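**Q** Since chain A is already given, all that's left is putting chain B on it; use the hints.
2 protein chains.
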Amino acid sequence: MTELGLLRTTGGTASLRRAVIEDVPSIVELLTDDPLGAARDGIDGTDGLQPYVRAFEALDADAAHLLLVAETGGSVVATMQLSFIPGLVRRGALRAQVEGVRVRADLRNSGLGRALVLWARDEAERRGCALIQLTSDKQRPEAHRFYSGLGFTASHEGFKLAL
Amino acid sequence: MTELGLLRTTGGTASLRRAVIEDVPSIVELLTDDPLGAARDGIDGTDGLQPYVRAFEALDADAAHLLLVAETGGSVVATMQLSFIPGLVRRGALRAQVEGVRVRADLRNSGLGRALVLWARDEAERRGCALIQLTSDKQRPEAHRFYSGLGFTASHEGFKLAL
Chain A
39 MTELGLLRTT
49 GGTASLRRAV
59 IEDVPSIVEL
69 LTDDPLGAAR
79 DGIDGTDGLQ
89 PYVRAFEALD
99 ADAAHLLLVA
109 ETGGSVVATM
119 QLSFIPGLVR
129 RGALRAQVEG
139 VRVRADLRNS
149 GLGRALVLWA
159 RDEAERRGCA
169 LIQLTSDKQR
179 PEAHRFYSGL
189 GFTASHEGFK
199 LAL
Chain B
39 MTELGLLRTT
49 GGTASLRRAV
59 IEDVPSIVEL
69 LTDDPLGAAR
79 DGIDGTDGLQ
89 PYVRAFEALD
99 ADAAHLLLVA
109 ETGGSVVATM
119 QLSFIPGLVR
129 RGALRAQVEG
139 VRVRADLRNS
149 GLGRALVLWA
159 RDEAERRGCA
169 LIQLTSDKQR
179 PEAHRFYSGL
189 GFTASHEGFK
199 LAL
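Keeping their order, the protein sequence lines are chains A and B.
Counting in the working numbering, the first sequence runs from 39 upward without gaps.
Counting in the working numbering, the second sequence runs from 39 upward without gaps.
Just chain A, with the same shape it has in the complex (with noise of 0.2 Å):
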C-alpha cells in the first residue's frame, strides 16, 4: 500500500495512505468512538458492516473520493475523507471537501489531527482546487478553534436536512 505522507505528531509520525476494505471496521471504531458519532454510527445488529462497506466500495470506485486511514504500529489512529467537487460557482472551481475527520481519543491534542488536514489542504493545492471546505457541527466548539487555527473561515452556515 502506497504511503501518501507522514503525519508528524507530539508522539512520533504515523503513515497515512487509502483506506482498503480491510480497514473498514477500524474505521467504523472510530467514528462511534465520538460524542455525536456514538448516536448515529456503529454496527446495526441486522445490517452488520454491509452500509459501511457499500459506502466504502461506491468512494474506492470513484477517483473525485479519497478516504484515508493514518496508521501507527500496525493500527488505524485516524481517518479522513477527502471528496473533489466540479462546480461553476466562483469560475469553474473546484472544491475540496473534508468529511469524517476521527483521530483516536488517546491521540487527540497530538497533532496529528492537524498533521492530516494540512495534508487534505496541500492536496486539494496539488488537484488544483480554488477551495477547502468543511462543516462542523455546532456542538463541537474544540473542532471550530482547531479549523480556525489552520486558516479556516467559519463564513457559512451549515444547513443539513435528514431524510
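Just so you know, not all the hints are guaranteed correct.
If several chains are the same, the list does not tell them apart, and a pair holds so long as it fits within one copy or across any two.
Under the rule of at most 20 Å between Cα atoms (straight-line distance), these lysine to aspartate or glutamate pairs were calculated in the EDC-like manner [claimed, not checked]:
#, residue 1, residue 2
1, 176, 71
2, 198, 160
3, 198, 163
4, 176, 72
5, 198, 137
6, 198, 82
7, 198, 175
8, 176, 160
9, 176, 95
10, 176, 61
11, 198, 161
12, 176, 161
13, 176, 67
14, 198, 98
15, 198, 61
16, 198, 67
It is worth saying that the hints were derived from the structure and are not from the lab.
Note that the coordinates shown come from a computational prediction; the quantities given were computed from them, not determined experimentally.
**A** Using the frame of chain A, we list chain B on its own:
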C-alpha cells in the same frame, strides 16, 4: 431535452431540466447577478467562458452531479447544482449537496427557488440519500430564513479556506 419537473411559481410555471453546454452563458449571468457572486464570478478578459465550460464538462460527465436549469418562455431563470456524495459517516450515508442556487432577480420571492429546492429534496430521497445539505454565506440572512422555512437546520458551521 427531458423535462425533470414543472416548478410552480406565483406567476406561472417553469420547466426544470439538466443544463446543456449552450446554457453556460445564461448560468454565468445568474451567478454574476448576485451581491456576492458579482465579485467572484463573471467572464474574465483572458479566459472568457473557458473555466465555466470546463466545469460544465466535468459535471456533465459524472452521474454524481446534476447541473440544473429552470426555464420559462425560452429563458433560463434559475440554476442549481445537486451533487451526490457517498461516505462512511452516519452508517454509510449517501448525502446530497446543493450548490449554486440562483434565481433571476425578477423571480425572487415568486416561489421558484422554493420549488427548486423542494425538487432537490425529493430527488435526494429518490436516490436514497440520508440527508441533504448546503452551506450559505453568513452575509445572506434572507437565504437562511428561506432554508429554515424549508425544514433545513443550521446545525453546522461552514468553514472555507481559499487556496
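**Q** First find the shortest C-alpha distance between residue 176 and residue 161 inside one copy, then the shortest across copies, and answer within, between, both or neither for a cut-off of 20 Å.
**A** This pair counts as neither: shortest intra-copy Cα distance 27 Å, inter-copy 27 Å.
**Q** From the Cα coordinates, with 20 Å as the cut-off, is the pair residue 198 and residue 161 best called within, between, both, or neither?
**A** between (27 Å within a copy, 15 Å between copies)
**Q** I want to check one pair: residue 198 and residue 82. Are their C-alpha atoms no more than 20 Å apart within a copy, between two copies, both, or neither?
**A** neither (23 Å within a copy, 34 Å between copies)
**Q** If the cut is 20 Å between Cα atoms, do residue 198 and residue 175 qualify within a copy, between copies, both or neither?
**A** both (10 Å within a copy, 14 Å between copies)
**Q** Is it within, between, both, or neither for residue 176 and residue 72, if the alpha carbons may be no more than 20 Å apart?
**A** within (15 Å within a copy, 28 Å between copies)
**Q** As a check of your reading, is residue 198 near residue 160 (CA-CA no more than 20 Å) within one copy, between copies, both or neither?
**A** between (28 Å within a copy, 14 Å between copies)
**Q** Taking 20 Å as the upper bound on the Cα-Cα distance, should residue 198 and residue 98 be classified as within, between, both, or neither?
**A** Answer is neither; intra-copy 25 Å and inter-copy 25 Å both fail.
**Q** Which holds for residue 176 with residue 95 at a C-alpha limit of 20 Å: within a copy, between copies, both or neither?
**A** Classified as neither: same-chain Cα gap 30 Å, cross-chain 36 Å, threshold 20 Å.
**Q** At most 20 Å between C-alpha atoms: does residue 176 with residue 71 qualify within a copy, between copies, both, or neither?
**A** within (18 Å within a copy, 31 Å between copies)
**Q** Between copies, within a copy, both or neither: which fits residue 198 and residue 163 at Cα up to 20 Å?
**A** Between copies only: 14 Å across chains, 27 Å inside a chain, cut-off 20 Å.
**Q** Can you tell me if residue 198 and residue 67 fall within 20 Å by alpha carbon in one copy, between copies, both or neither?
**A** Neither: 24 Å inside a chain and 28 Å across chains, both beyond 20 Å.
**Q** Regarding residue 176 and residue 67, is the shortest C-alpha distance of 20 Å or less found within a copy, between copies, in both, or in neither?
**A** Cα proximity of residue 176 and residue 67: none, with 23 Å in one copy and 34 Å across.
Going down the numbered hints, you'll see the structure goes against 6, 8, 9, 10, 12, 13, 14, 15, 16, while the others check out.
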